[in-house]
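For what it's worth, UniProt numbering labels the leading residue of the sequence shown as 1, then goes sequentially.
Simulated from the structure, these hints should not be mistaken for laboratory data. Heads up, a few of these hints could be off.
What the hints assert, rightly or not - Derived Cβ-Cβ restraints for the label pairs, each shown as a range: (1) 480 x 197: 42 to 48 Å; (2) 104 x 177: 24 to 30 Å; (3) 122 x 330: 20 to 26 Å; (4) 449 x 90: 44 to 50 Å; (5) 330 x 434: 51 to 57 Å; (6) 450 x 20: 50 to 56 Å; (7) 94 x 228: 31 to 37 Å; (8) 50 x 480: 58 to 64 Å; (9) 55 x 79: 29 to 35 Å; (10) 396 x 20: 37 to 43 Å.
To be verified - BS3-like, lysine-lysine: derived pairs with alpha carbons at most 25 Å apart: (11) 477 x 515; (12) 297 x 550; (13) 297 x 278; (14) 477 x 447; (15) 382 x 447; (16) 382 x 405; (17) 297 x 382; (18) 278 x 166.
Remember, predicted model here, so these are calculated numbers, not experimental data. Note that beta-carbon positions come from the ideal geometry of N, C-alpha and C, so glycine has one too.
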Amino acid sequence: MPPSADLIVENASILTMDPDNPRAEAIAIKGGEIIAIADRATVLEHKGPGTRVIDAGRGSVVPGFIEAHMHLFGGAAELDHLQLMGVHGFEALSDAVRHYAARRPDLPILQAQGADYTILSAAERVSRRHLDRILPDRPFVMAAPDHHTMWANTKALELAGLLRGKQLGPGNEIVMGDDGLASGELREGEAFGPLIVLAGEDRVRLGLATGGEPDPRPTPAEQASDRAIMRRGLEWCARHGITSIQNMDGNLHQLELLSEIEAEGGLLCRVQVPFHYKNFMTLDMLDKASAMAERYKGEWLSSGMVKVFYDGVLDSWTAVMVEPYADRPDWLGEPLFTPQQFIDLAVAVDRRGLQIAVHSIGDGAVRAVLDGYEAAQKQNGKRDSRHRVEHIEVITAADVPRFAKLGVIASMQPPHPPGSMGLPLEPTVSRIGPARWPLSYAWRTLKNAGARVVFASDWPVSPIDPILGIQAAVLRKPWADDDPDQSFSLHESLGGYTVEGAYAEFMEHRKGRLKLGFMADLVVLSADIEATAPEALHMVRPVTTICGGKITYQA
Numbered sequence: 001m002p003p004s005a006d007l008i009v010e011n012a013s014i015l016t017m018d019p020d021n022p023r024a025e026a027i028a029i030k031g032g033e034i035i036a037i038a039d040r041a042t043v044l045e046h047k048g049p050g051t052r053v054i055d056a057g058r059g060s061v062v063p064g065f066i067e068a069h070m071h072l073f074g075g076a077a078e079l080d081h082l083q084l085m086g087v088h089g090f091e092a093l094s095d096a097v098r099h100y101a102a103r104r105p106d107l108p109i110l111q112a113q114g115a116d117y118t119i120l121s122a123a124e125r126v127s128r129r130h131l132d133r134i135l136p137d138r139p140f141v142m143a144a145p146d147h148h149t150m151w152a153n154t155k156a157l158e159l160a161g162l163l164r165g166k167q168l169g170p171g172n173e174i175v176m177g178d179d180g181l182a183s184g185e186l187r188e189g190e191a192f193g194p195l196i197v198l199a200g201e202d203r204v205r206l207g208l209a210t211g212g213e214p215d216p217r218p219t220p221a222e223q224a225s226d227r228a229i230m231r232r233g234l235e236w237c238a239r240h241g242i243t244s245i246q247n248m249d250g251n252l253h254q255l256e257l258l259s260e261i262e263a264e265g266g267l268l269c270r271v272q273v274p275f276h277y278k279n280f281m282t283l284d285m286l287d288k289a290s291a292m293a294e295r296y297k298g299e300w301l302s303s304g305m306v307k308v309f310y311d312g313v314l315d316s317w318t319a320v321m322v323e324p325y326a327d328r329p330d331w332l333g334e335p336l337f338t339p340q341q342f343i344d345l346a347v348a349v350d351r352r353g354l355q356i357a358v359h360s361i362g363d364g365a366v367r368a369v370l371d372g373y374e375a376a377q378k379q380n381g382k383r384d385s386r387h388r389v390e391h392i393e394v395i396t397a398a399d400v401p402r403f404a405k406l407g408v409i410a411s412m413q414p415p416h417p418p419g420s421m422g423l424p425l426e427p428t429v430s431r432i433g434p435a436r437w438p439l440s441y442a443w444r445t446l447k448n449a450g451a452r453v454v455f456a457s458d459w460p461v462s463p464i465d466p467i468l469g470i471q472a473a474v475l476r477k478p479w480a481d482d483d484p485d486q487s488f489s490l491h492e493s494l495g496g497y498t499v500e501g502a503y504a505e506f507m508e509h510r511k512g513r514l515k516l517g518f519m520a521d522l523v524v525l526s527a528d529i530e531a532t533a534p535e536a537l538h539m540v541r542p543v544t545t546i547c548g549g550k551i552t553y554q555a
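Model the full assembly from the supplied sequences, consistent with the hints where possible.
Right under this line is the structure:
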C-alpha cells in the first residue's frame with residue numbers, strides 16, 4: 001500500500017518547473033515533503049482516512065514563491081504607515097496626510113511611504129515648506145519608494161536636530177537651502193535615521209542602518225512587540241504565496257525574533273537573514289557573520305550571507321556611475337567604500353566561505369563589486385560561491401559577460417524600471433540618459449550572456465506581490481524604439497521567483513521545483529496562469545499557500 005498523505009492537492013494544472021516532469025494533475029504531501037506528483041488517479045492512491053484534500057478548481061499550482069530580496073522587519077512595520085503610492089499633486093497629498101493625521105492623534109511622528117520624487121509635479125521638488133503647509137504643528141516625514149530619500153517638515157527637522165544640518169558620512173546628505181537651513185530633503189540613512197529613532201522604530205531599522213544590536217537589550221514587552229511586527233510581516237508574505245525569504249538587511253536580533261517565532265510554531269516562511277557589513281566596520285567584525293552562519297543553518301532559519309551597500313540610488317544622484325549623470329555632468333556619485341576597501345572585504349568574506357550580496361545600482365558600483373569578486377577568486381581560489389550583485393539598474397557592455405565568467409548571480413527586481421507598475425519615467429530616465437538606456441535594467445541582456453538572473457520585489461520598496469512582479473517582467477517595454485527588449489516570458493519570470501531563488505540560496509536540491517523528495521512548498525492560484533492574458537495576470541491571486549506541508553494562508 002502506498003503511504004497515506006497528510007495533504008493532497010488535486011484537480012490542478014501543476015507547473016512543476018521540473019524539466020523531467022513538467023506538468024501534473026495532483027500532488028501528495030507527507031511529513032513536509034512531496035511523496036507523489038502525477039496524474040490524479042495515481043496521486044489519489046495516497047489518500048487515507050486522515051488525508052486532507054484540496055480541490056484546486058483547475059487553477060495553477062506552482063512552487064512556493066522565493067522572495068530573493070526583501071526587508072521583512074521594516075516592511076512589516078511600514079504596513080501601518082500612510083501609503084502614498086499613486087498619490088500625485090499637492091492637494092491629493094494634503095488630503096491624504098491630513099486624513100491620516102486625524103486618525104492617529106497620538107503618534108510622536110507621522111510617517112508615510114511611497115512618495116514619488118515627482119509627487120508634486122515633474123518640475124517641483126518637495127521641500128519642508130510644502131509639508132509645513134499641510135501639517136505645520138506635528139512632525140511629519142515621508143519616504144520615497146526606494147527608501148533612500150525622505151522629506152521632513154520643519155517640526156520634524158527641529159525635533160531631530162537636523163534643521164541646521166549635520167556632518168554625515170560619505171553618500172549621505174542633508175540638502176541645505178539658500179537660507180542656510182535644511183530644505184527638508186534627506187538623502188540616505190544617516191541623514192534621516194534620527195527621525196526613525198524618534199518614531200520609535202529604531203530597532204526595526206537596525207539591521208539596515210547599523211547592522212548592530214539593540215542597546216540596551218529590549219525589555220520583554222519590547223521583544224514581544226518586535227515579534228508581533230515580524231509575525232505581521234510573515235503573514236503578509238504567506239498571503240502573497242511566498243514560502244521562502246532572502247532578507248537583505250539583518251542582525252542577530254532579527255534571527256532571535258524569528259527563532260522565538262519558530263519555537264512557538266509560527267514561522268510561516270523559511271527565512272535567511274544576513275549579517276549587514278557597514279563601511280564603518282572593521283574586518284574582524286566578520287567573526288559575527290561566521291558565528292551567525294554557524295548558529296543558524298536550518299531549512300527554516302539560516303544566515304550564511306554578508307549584505308553590503310556600495311552605493312545609493314539614481315533618483316537622488318547617490319548611485320555610483322562610470323560616466324557622469326546625464327542631467328548632472330559634473331557628478332559620478334559617491335561610493336560608500338573605496339574600490340580597494342571593497343576588494344579587501346570581498347576577499348575576507350569569501351575566505352570564510354560566506355556568500356556576499358551587494359547593493360549596486362550604478363554601473364560604477366556594479367564594476368567595483370565585480371572587481372572585488374574577481375580579486376577574491378584570484379586570492380582564495382575559485383569555488384561555488386554564488387556571490388550576488390543586487391539591483392544592477394545600469395551596467396556597461398564590458399561588465400555584462402563578467403557575471404557568467406565569475407559565476408555571479410544577477411539579483412534584479414521587475415517592479416523597479418521606470419514605467420513599470422505605475423512608476424513615473426522621470427526623473428530616473430533623465431538621470432540615466434538615452435545613451436545608457438539599452439543597458440538599464442538589462443535582465444534579458446544578462447540572461448542571454450549566461451548570467452543566472454533571480455527576481456524579487458525589494459519590499460517594501462515595491463509591492464511584495466510576486467505575481468505583479470511576473471506581470472511586470474512579461475509586459476516590460478523599451479523606453480525607445482531602438483532599445484533592446486528586456487522582457488521575460490511567463491515561464492522565465494516564474495523561474496526567476498522559484499528555480500533561480502532556490503539556486504541563489506544553494507537549495508536547488510530541495511526547493512524551487514515540485515518533485516519527489518522536495519520540500520512541500522507550493523501555492524495554489526485562483527486561475528490557470530498560462531491561460532491568462534499577460535495584461536490580466538494581476539487578477540490571478542494566491543488561494544492557498546503551503547510551506548513545509550502546512551497551510552500558511554488560505555483565502
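Each hint tested on the structure:
no.	hint	verdict
1	480 x 197: 42 to 48 Å	holds, 44 Å
2	104 x 177: 24 to 30 Å	holds, 29 Å
3	122 x 330: 20 to 26 Å	holds, 23 Å
4	449 x 90: 44 to 50 Å	holds, 45 Å
5	330 x 434: 51 to 57 Å	violated, 19 Å
6	450 x 20: 50 to 56 Å	violated, 23 Å
7	94 x 228: 31 to 37 Å	holds, 32 Å
8	50 x 480: 58 to 64 Å	holds, 60 Å
9	55 x 79: 29 to 35 Å	holds, 32 Å
10	396 x 20: 37 to 43 Å	holds, 38 Å
11	477 x 515	violated, 34 Å
12	297 x 550	holds, 21 Å
13	297 x 278	holds, 23 Å
14	477 x 447	holds, 17 Å
15	382 x 447	holds, 22 Å
16	382 x 405	holds, 11 Å
17	297 x 382	holds, 23 Å
18	278 x 166	holds, 20 Å
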